[in-house]
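Using the sequences provided together with the hints, build the complete structure.
Single-letter residue listing:
There are 2 protein chains.
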Amino acid sequence: MKVIDVKDIYEQIDELMEKEVMVQGWIRNHRKQKEFGFIDFNDGTSFQTIQIVYDNKVKNFDEIQKIRVGSSIEVKGKVVQSPAKGQAFEIQLKSLKLLGDSPEDYPIQPKRHTREFLRELAYLRPRTNLFGAVFRVRSVTAMAIHEYFQSHNYVYVHTPLITTADCEGSDQMFKITTLDMNHLPKCEDGTVDMSKDLFGKLAFVTGTGQLHGEAFALAYKKIYTFGPTFRTENSNTKTHANEFWMIEPEIAFCDLEGLMDIEEEMLKYVVNYVLEKCPNEINFFDSFVEKGLKEKLTKLVKSKFTRISHHDVVDILNKSGNKWEFTPTYEDDIAKEHEKYITEYFNGPVFITNWPKDIKAWYMKTNEDGKTVAAVDLEVPGAGELMGGSQREEDYDKLIARMKEMNVDESTVDWFCNLRKYGGCYHSGFGMGFERLLIYLTGVENIRDVIPFPRTPGNCDY
Amino acid sequence: MKVIDVKDIYEQIDELMEKEVMVQGWIRNHRKQKEFGFIDFNDGTSFQTIQIVYDNKVKNFDEIQKIRVGSSIEVKGKVVQSPAKGQAFEIQLKSLKLLGDSPEDYPIQPKRHTREFLRELAYLRPRTNLFGAVFRVRSVTAMAIHEYFQSHNYVYVHTPLITTADCEGSDQMFKITTLDMNHLPKCEDGTVDMSKDLFGKLAFVTGTGQLHGEAFALAYKKIYTFGPTFRTENSNTKTHANEFWMIEPEIAFCDLEGLMDIEEEMLKYVVNYVLEKCPNEINFFDSFVEKGLKEKLTKLVKSKFTRISHHDVVDILNKSGNKWEFTPTYEDDIAKEHEKYITEYFNGPVFITNWPKDIKAWYMKTNEDGKTVAAVDLEVPGAGELMGGSQREEDYDKLIARMKEMNVDESTVDWFCNLRKYGGCYHSGFGMGFERLLIYLTGVENIRDVIPFPRTPGNCDY
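Chains A and B, in that order, give the protein sequences. When you number the first sequence by numbering that gives the first Met the number 0, it's gap-free, plus one each residue, and the end is 461. When you number the second sequence by numbering that gives the first Met the number 0, it's gap-free, plus one each residue, and the end is 461.
Keep in mind the hints are simulated off the structure, nothing from the lab. Quantities reported herein were computed from a predicted structural model and do not represent experimental measurements.
Identical copies carry no separate label here, and so any pair may be met within one copy or between two of them.
Pairs of lysine-lysine, DSSO-like flavour, derived with a Cα cap of 27 angstroms:
1. Lys339 to Lys370
2. Lys267 to Lys6
3. Lys303 to Lys1
4. Lys195 to Lys185
Rendered as structure tokens:
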């Protein structure tokens, strides 16, 4: 007899009714009565459990009654209509095999655990309703992203993580080495002789694939990256982790308006995909994590995103009559309090464009005013900045001049600059932190709770 | 007028015939005659180019004739049937806009370049036929893998790359640090004080997600990882790189036979997907890279993979009458020459099972004979080992005993061992090197030529 996934039972329930099935999975809860027993059974393929019912006519009734929560079992039984409320069917147990025991002190008991407690049990927490749902949504969202880009003729590029270019500022990157740190080879001047290391020089793990992505966009027109990213920031906040995943699309022959079209279409596609594929998970989050989540997401899919310049945002903020902790100016970044106000003001997602150039990156295209760059941040209600992108400076001379102004070392990225010489064209790209998207989709607010095994300062267990 | 992708033109050619279109892309070749000109146009969305034809009635005829190979252009024109051989249609140019010039010495000229030459131009090589095809196949293959697993109810898990567990042997892992290597803090005994580092201890970037994958498999039943992996090996061979991508599925309630079923089904799915989605690329490889590639792949999809024990493989090798450089024994690994012989002997892919335990990893399940483990390697004709997997030791006591025998430090992986206590079950998993699969699919034999920006000892440019 072939084992069937719980997910498939739910999807094929009409055909399976009154049929015998075999399932393998784990006991979430076990309620025992004198002549009956009820097992909440979950095999991980679905958010939903199945109730397995047995009575004392079953072989090994006494042994079955002793099986504890968390144990893995194999069950054969008949799918029948359920007399119980809230479930369409249940499985009448014919035989049960205990595959793996679970002790009395198994930490994941059928009761409410705090997220902080479960965070300390990163290897067991996907067995709970909350984290089971979060990491399934993570998987489904990743697939949504791949499907969106692949169906729009993008090429998925694996940009390298190891790099020797320190254009991001090496203080924000982890150094990697194969040298024995207790016995480092030294140069005559006393510094470490990095020529002895595997790559013959100091190398890092990177925080972006954008530069390499641009090279491929100028061959394939449309590319995206989707991979892990590292940052050394020593911040213990709800939104910082030292390892996270990023999506970085890059599109040739695309200006800032075109980029916003893509960002908006992509986000709606992904949100819609998750709403369709994970209705149980979304309902659960809506009930227990963020009231109104489902409405928020449904609304987003139908809304038209606002597009407004940084300049005009500052005007709105200053005219608001609010007393701000940070005074909005045309020259400065906007603060969290401003982001919040502006998404509430427009009652939906807002693209803020044309930022003051001095607070933005060196590779962004300078606008004709000479003061702003063709950059865009997408602010969404409740989650702040979700994507950041820009049109790239495609003029070789302007790019080099800007790099000099901002003290960017050209020598390690000369190839990147050369892209402007060899059939260069106007092009744009954006980055989206995958975890920030998941925080928005699930309502779970701490980045540690949407990463399977989070790495934060002082925390690298498991 | 909306820009259309070349890929979409090929797919919608019947509707587009005699219609006007706008395209943006690059000039692959430009042949000029006195009163005519022919541009081989490619926009990166398709392997195929489109011929753009113009005559001296077009505005700016003289300027257009000066445009060099590699330049980016925007073209409006009419799709018409082509009188030329080997192409069903061409575009009659109405207007052309030069977007980005390319110099006379542009390195990617329409002639044959060696792969070694192009390897030095990693940022330009995707613009060639060969590498354009390789990296598109890389993208499509990645999607095939996601589609296979997602459609079979697997959860995609992002296992962490940063780890403090050194169970693989820390000498094979890159150390990462935020400390200033020229001014390392020291302990009293003169060793580096790693408690001052970001995670408070020595950390690495990892070579496997398997241990974390197992934790998630025991929650979701079926999971897979797909991400970058690092190895410090100082080998300059065609098959070694220091950074590459791996797929590591892990399946609960799955034994070695079940694992082979999955490996076989998955590989056939992926190969078939690539044959269907990349016919032009496969034909190109078949003609110019590996004669017979297409037949090899088509045959694989239809074949039944052989399953044979390591013991019986050794018998076949010893009875072959061949003179081996390495004498096959029941206790040793098999060599490349043996792999080759055995796939030729069976004329197709071969699963070799039940390997001598002392040459395999500590977490593999020991068979009843006490000498072998329930491991399986998949050998494919022409590419050697493509996947390696095993049933995992699910018995806590046996696992701990084996770890002691093999000097594996239990302290950093106690959580992994505990998975055997909390509803553990028989489970299996395998790893597949993504680049090895690509080498098999494309016929390109050097790993440096299937990774966008390869990292090998002494080479970390771009």
